[in-house]
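Peer 1: All chains, please: the whole structure from these sequences, using the hints.
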Amino acid sequence: MSAICQYAGTVAATVKRDAAVFLSYRTRFVTQILAMLITITMFYYVSKLVRPGVVGPDGKYFAYVVVGIVALAVLTAALNTAQLIRMELLAGTFERIVISPIGPVGGVVALMAFPVLYAIGLAGVMLIVAASVFGFPIHLAGVPAALVVSAVAASAFTCIGILFAAGVLAFKAAMSPTWVIAAFSILGGIYFPLRLIPGWIRWFSDVQPFTPAVDLLRHLLLGTPAVQPVEAEMLKLLGFTVLLMPVAVMVLTLAVSTSRRRGTLIEY
Amino acid sequence: MLRDVDLDLPGGTATCITGRNGAGKTTLLRIATGILAPDRGIVTIDGISAPGRWREYHRRIGFLSAGDRGLYARVTVKGHLEHWSALALIPRGQRKQLVAEAVDRFGLTQLTGRRADRLSQGQRQRLRLALALVHRPKVLLLDEPRNSLDADGQEMLSAAMTDVLRRGGAVLCCAPAGDEKLDGFDRVAVIEDGMLRFV
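Chain order of the listed sequences is A and B.
Residue numbers for the first sequence, in my numbering: 22 to 289.
Residue numbers for the second sequence, in my numbering: 313 to 511.
Possibly wrong hints are sitting among the right ones.
[Stated by the list, open to error] Calculated cross-link-like contacts (lysine-lysine; reagent style DSBU-like; alpha-carbon spacing at most 30 Å):
1. A:K81 x A:K69
2. A:K37 x B:K390
3. B:K450 x A:K37
4. B:K408 x B:K450
5. A:K37 x B:K408
6. B:K390 x B:K408
7. A:K257 x A:K81
8. A:K193 x A:K37
9. B:K450 x B:K493
[Stated by the list, open to error] Here's a subset of chain B near chain A, in silico, CB distances under 7 Å, partners left out:
10. T345
11. L348
12. A349
13. R371
14. A378
15. R381
16. R386
17. H395
18. L401
19. L431
[As the list claims (entries may be wrong)] Some residues of chain A that are not near chain B, with every Cβ distance over 12 Å (derived):
20. V32
21. K69
22. A166
23. L286
Read the hints as simulated data drawn from the structure, not as lab findings.
No residue lacks a Cβ here, since even glycine has one placed at the ideal position from N, Cα and C.
Peer 2: Take a look at the structure:
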């Protein structure tokens with residue numbers, strides 16, 4: 022218990038530091054809000070072109086796509102941690118994390134906290150803006166459960182981010198997650214329902230946590246029927262998280278020990 | 313690069329290792345920190361090895377790497393020390409006091425609110441030393457610590473090393489060959505052809 026409290030303290034300290042760095046760039050928040058507004062505006066008008074009934078009742082496409090986009094933003098934040106690790110390696114600050122008592126594995130996980138939490142916060146702002154300006158039909162009764170789903174989903178996405186971080190430590194390549202994000206956006210049902218894509222590739226939606234997370238969030242935030250039974254979707258999401266976490270930590274630990282043996286742990 | 317290195321650092325002693333560029337001084341320190349795994353052999357502090365008990369091992373060491381890297385450009389001096397004291401698992405109740413001591417020890421009082429990218433090279437080095445020492449390590453590993461330090465900074469470094477030794481700790485410092493300031497060390501060794509030889 023004491024070890025968990027100590028580790029929570031290091032995560033909190035890392036979040037505080039990253040928040041300080043973030044706030045030191047005064048225009049960053051403003052530009053992100055602007056980008057978000059432009060994205061919402063664009064999809065607001067695109068939604069007027071979408072044939073009614075494709076994703077639900079008339080006018081629902083906007084709500085459908087906004088939920089997908091906010092979920093993708095959290096996934097993107099988790100996957101971009103690999104780039105953060107690379108920046109830490111370049112700056113020589115990763116060495117300090119490595120020699121700290123929490124070690125490289127604990128340090129990498131702590132590094133992911135701020136970006137993921139920030140992405141969740143920004144997603145909330147995006148939903149509020151979409152509701153207040155563009156009439157996004159938010160289902161208030163589902164918000165508390167949606168927060169729980171977001172937390173579980175963020176944990177699952179973090180595991181995928183850890184795998185990418187392990188890749189950076191092991192291979193030193195600036196592995197851009199762009200292609201993975203693009204794949205999730207197509208095969209995870211962000212912009213269009215999965216039933217529109219060919220059946221031979223639809224299996225992908227069953228082997229990753231993103232699709233059930235988005236389905237659940239849509240169901241909870243919009244009050245629309247879930248694609249599959251809610252309990253099954255929630256179990257699937259939890260299952261992915263529970264399975265992915267030890268695998269991700271194990272892969273990261275392996276990447277660290279291999280790099281220590283090769284002498285490349287703090288190389289970039 | 314290193315062969316058959318057998319080095320014991322008794323408590324209360326300061327050891328300096330010299331050698332030409334590329335001799336293996338930094339490699340030796342990186343092995344001691346656990347950043348590198350040796351091909352053979354083991355490094356222990358109080359019978360604890362890094363791979364076996366990472367947390368306990370690293371609580372005992374303070375490390376200053378060569379150069380001036382390892383700082384977050386836009387984080388203040390105080391921010392660095394507070395963050396590191398959390399990473400070093402200093403109990404919350406002691407952090408404030410230890411950070412204040414480190415700030416005072418390395419003459420950073422006027423600079424606590426200044427960002428790292430606005431510090432001079434010497435001030436950066438003093439901050440890096442403060443980070444290596446804030447958690448009161450038992451073994452202090454220093455790689456070319458006098459880089460960019462003025463006379464005051466070098467005195468602060470000496471005082472900090474003396475403090476570690478007084479607490480029963482050990483200091484291992486690497487300096488390039490030709491560095492004439494080897495007084496203050498109990499032992500001096502040279503790395504040549506991968507071998508460690510005391511002089």
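Peer 1: Against this structure, judge whether each hint is valid.
Peer 2: Here is what the structure says about each hint:
1. A:K81 x A:K69: holds, 10 Å
2. A:K37 x B:K390: Distance ~12 Å between A:K37 and B:K390 Cα, so the pair holds.
3. B:K450 x A:K37: holds, 28 Å
4. B:K408 x B:K450: This hinted pair holds, its Cα atoms lying about 20 Å apart.
5. A:K37 x B:K408: holds, 16 Å
6. B:K390 x B:K408: holds, 10 Å
7. A:K257 x A:K81: holds, 26 Å
8. A:K193 x A:K37: Judged against 30 Å, a Cα distance of about 27 Å means the pair holds.
9. B:K450 x B:K493: holds, 23 Å
10. T345: holds, 5 Å
11. L348: holds, 5 Å
12. A349: holds, 4 Å
13. R371: holds, 5 Å
14. A378: violated, 10 Å
15. R381: holds, 3 Å
16. R386: holds, 4 Å
17. H395: holds, 5 Å
18. L401: holds, 5 Å
19. L431: Hint on B:L431: violated, closest Cβ of chain A at ~15 Å, above 7 Å.
20. V32: Given that some Cβ of chain B is not farther than 12 Å from that of A:V32, nearest at about 9 Å, it is violated.
21. K69: holds, 43 Å
22. A166: Since the minimum Cβ distance to chain B is about 33 Å, A:A166 lies beyond 12 Å and the statement holds.
23. L286: The claim is violated: A:L286 sits with its nearest Cβ about 6 Å from chain B, within 12 Å.
Comparing the model with each numbered hint stated earlier shows that hints 14, 19, 20 and 23 do not hold.
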